[in-house]
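Participant: Now for the letters of each chain:
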Amino acid sequence: MPTIKVPSPLRSYTNGQAEVLVQGATVAAAMDDFIAIYPSLQPHLFNGKGELRPFVNLFLNSQDVRHLQGLETPLAEDDRLMIVPSIAGGLEQVDHAALRTNQAFIIALSLLAFILNQPWLAAFVAGMMILGTILRVPAFGFMYWRIFRPLGWIAPEVLKDNPEPHRFAQGFGATVLAVGVAVLLAGANGLGWGLVWLVIGLAALNLLVGFCAGCAVYYWLSRLKAPGFVQAPPEDTFPGMRPKAKA
Amino acid sequence: MNLEISTEVLRQIHRHGEAAYPEEGAGLLLGSDSGLACTVQAILDLPNTREDQARRTRYLLSAEDYLRGEAEADRLGLEVLGVFHSHPDHPNRPSEFDREWAWPNYSYIITSVWSGRAIESRAWRLTDDRQQFVEEPIAVRDLESNS
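Order-wise, the sequence lines are chains A and B.
The opening position of the first sequence corresponds to residue 1 in my numbering, with each subsequent residue numbered one higher.
The opening position of the second sequence corresponds to residue 1001 in my numbering, with each subsequent residue numbered one higher.
Since the hints were made in silico from the structure, they are not lab data.
Since this is a predicted model, take the numbers as computed values, not measurements.
Each hint should be verified, as a subset may be incorrect.
[As the list claims (entries may be wrong)] Below, a list of computed lysine to aspartate or glutamate pairs in the EDC-like style, where the Cα atoms sit at most 20 Å apart: (1) A:Lys5 / A:Glu19; (2) A:Lys160 / B:Glu1100; (3) A:Lys244 / A:Glu164; (4) A:Lys244 / B:Glu1096; (5) A:Lys5 / A:Asp33; (6) A:Lys225 / A:Asp33; (7) A:Lys160 / B:Glu1096; (8) A:Lys49 / B:Glu1100; (9) A:Lys160 / A:Glu77; (10) A:Lys5 / A:Asp32; (11) A:Lys5 / B:Glu1079; (12) A:Lys160 / A:Asp33; (13) A:Lys160 / B:Asp1089; (14) A:Lys5 / B:Asp1074; (15) A:Lys49 / B:Asp1074; (16) A:Lys5 / B:Glu1064.
[What the hints assert, rightly or not] Covered stretches of chain B (chain A as the covering partner; in silico rule of three or more C-beta atoms under 8 Å from a C-beta of chain A): (17) 1002-1016; (18) 1062-1069.
Glycine included, every Cβ here is placed at the ideal spot set by N, Cα and C.
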């Protein structure tokens, strides 16, 4: 029979047992049997949908089963399946003052590019946004962190929010703007400036109304279980809208 | 259950939070559990494996780190009692995210670090139904420290 090795924080649910013999030809079957023996472990290992919680790792002979065949990984009679915690926590917060500063700069510089008919300025904004996306920061957030906040010109607005959708939204905007610049350079001025205006419009919608279209797309992809899109909207918040709860 | 900790180990936790500021610092609490009280005797500093900007608001200790922590605890003849982490510029109450990711039977010490200075630590423990954290009183004593 395969053995399940129980980590110390869970041993109060297994009568102190550090190792438990279970039946099952796959990891899933072994875990089912394990839960059948000690039902009070269920909420700590699996979520409401019956999926393994993200901080629960199963190692089969020192290999993470996520890198094998997941829960369908076959088990031999003398296999040892070790439950290993990963530990995470922290604040769920985003400083919306930094995001708004970023949106204001994107809008102002893109408008200036249009008014002066300077595609290179739009290219600069797109480049900054791409750089910001790679570095996982708002492109012009440094103006807030380095200048406006220390001087007290803009007050922090830290809300209970996920940073990932905002990063995605910036990457999305950067892509549209970069395509716009490429189209401008190819000579199609109408379409090119149209795409620049789309970015201006979406950034303004976010700045003035508090609706982040890119975040809405992120949450929509998350609902469709697209890989990498793991966050759900903050509580009581319409997907894409600025959350109300302060962190 | 009470969580006993020496002045020196608590100071190490505070220094850890200050050094990590403005990011979150985290590590494991090692010590012994008498059944009546848990005594933290050492801390184990582990790298925060969250990427870049996310380190300001999240911490993650991987499964490999945890195994390393358990091995180190074994070597010292101690147990992993829980986790400590800092909340930069925020109160030392657990967040929703802390609760969602918490393990039962572990003590979670949270230190608020304001403008780079560690102010105060509080300890929390997840309830069996995972619905909430309850505060665990910290008793600061001048115990022998193993670190």
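Participant: Against each hint, give a clear statement of whether it holds in the structure.
Facilitator: Results of checking the hints against the structure:
no.: 1; hint: A:Lys5 / A:Glu19; result: holds (5 Å)
no.: 2; hint: A:Lys160 / B:Glu1100; result: holds (15 Å)
no.: 3; hint: A:Lys244 / A:Glu164; result: holds (18 Å)
no.: 4; hint: A:Lys244 / B:Glu1096; result: holds (15 Å)
no.: 5; hint: A:Lys5 / A:Asp33; result: holds (14 Å)
no.: 6; hint: A:Lys225 / A:Asp33; result: violated (28 Å)
no.: 7; hint: A:Lys160 / B:Glu1096; result: holds (10 Å)
no.: 8; hint: A:Lys49 / B:Glu1100; result: holds (15 Å)
no.: 9; hint: A:Lys160 / A:Glu77; result: violated (48 Å)
no.: 10; hint: A:Lys5 / A:Asp32; result: holds (15 Å)
no.: 11; hint: A:Lys5 / B:Glu1079; result: holds (16 Å)
no.: 12; hint: A:Lys160 / A:Asp33; result: violated (39 Å)
no.: 13; hint: A:Lys160 / B:Asp1089; result: holds (14 Å)
no.: 14; hint: A:Lys5 / B:Asp1074; result: holds (16 Å)
no.: 15; hint: A:Lys49 / B:Asp1074; result: violated (36 Å)
no.: 16; hint: A:Lys5 / B:Glu1064; result: holds (15 Å)
no.: 17; hint: 1002-1016; result: violated (count 0)
no.: 18; hint: 1062-1069; result: holds (count 5)
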